[in-house]
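Going down the list, the sequences are from chains X and U.
Take this note's numbering: the last position of the first sequence gets the number 113, and nothing is skipped along the way.
Take this note's numbering: the last position of the second sequence gets the number 1199, and nothing is skipped along the way.
Source of the hints: derived by calculation from the structure; they are not laboratory data.
One or more hints might be untrue.
Label pairs and their calculated CB-CB ranges [claimed, not checked]:
| hint | chain 1 | residue 1 | chain 2 | residue 2 | range |
| --- | --- | --- | --- | --- | --- |
| 1 | X | 32 | U | 1138 | 49 to 57 Å |
| 2 | U | 1116 | X | 47 | 46 to 54 Å |
| 3 | U | 1155 | X | 62 | 47 to 55 Å |
| 4 | U | 1061 | X | 74 | 43 to 51 Å |
Beta carbons: idealized from backbone N, C-alpha and C, even for Gly.
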Amino acid sequence: MQQENSGEREVRLDELFRAYRGACPEPEASANFMPSIWAGIEAREVSTHWFGSVAKALVTAALAASVIIGMIMSSMNHPSAFLNGTFVEALRADQASSLEPLHLDRISQLEPE
Amino acid sequence: MLVEFDLIQKAQRGDASAFNQIVSAYRRRIMGTISHVIGRPEDVEDVAQEVFIRLYFSLGQLRTAEVFEPWLYRLTVNASYDYLRKSRRRIESRMADLSEQQVMMADAVAGSRAQHEDNEKRRVRDTVQELLSTVSEDDRILLTLKEVEGLSLKELEKIYNVNENALKVRLFRARQRVLKKMKEVTGPSSFNAKDDEAS
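Please take these sequences and the hints and turn them into a complete structure.
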């Protein structure tokens, strides 16, 4: 019985879909159909062009900014003369300015009388 | 195919008159499909225009003639889907008023025969719309293309780019959901009983 009802419902659904096709009015395009399409196309082309221009300007500005920042950074990090020498030279220069007098005193104190 | 591939190629090169001819050739068919899918005659033209605008911008990607119609159908499906998603709430509220509308229609049967036919058509449209509102927008469109538009599984396969078995499963499930809703709406009595009531 349940099977029969389900089968009947299937048939009724098919009938309903067929009736629906006939019940939907045949749509007629208005006289403004084509002009509206072209207006829509032009509007999208304008907005695409505008977005393209803005994106291009942003990319150019970003590139210019990165070049300027790069130049500033490179001039700030220019290696000093201190860093040009080797590690041993740096140590020697440091000792010559601060430790050398102390070192000489110590040596004189340690010398046997 | 309703147009020659030459015409499509002309439109691809930017020939506006060729594009106009393509629109004129497919306008009626596309509007008919949209009308069945969305069920709102007043919005059919807007959705159809959106389809052709999308066609204009994607025409350059088309390489072979045989994919043109499935492609146009896919654009139609996508535009209808977008419309249904946007207007889902609106449709739901309309469906909530359905019983009231049916009562009003039953009261109006004293009118002319033409009026009665219009009422009957509207009742069928509203009933099918209510049944289709129980499935997702995707399944609703698929079911409409298969059951109302009468597209074959092979044609649907080209439009959806999925294999036949997957389509059959989706169609079966969607149909089962609609049948379940049909049982709830109509109860044990058939639509014929409703017809009697309306007339």
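Results of checking the hints against the structure:
As the Cβ distance of residue 32/X to residue 1138/U is approximately 31 Å, the hint placing it in 49 to 57 Å is violated. Against the hinted window of 46 to 54 Å, the Cβ-Cβ separation of residue 1116/U and residue 47/X comes to about 49 Å, which satisfies the hint. The given range of 47 to 55 Å is respected by residue 1155/U and residue 62/X, whose C-beta atoms sit roughly 48 Å from each other. Remark: the range hint 43 to 51 Å for residue 1061/U to residue 74/X is upheld by a beta-carbon distance near 45 Å.
Hint check: a violation occurs at hint 1 only; the rest are consistent with the structure.
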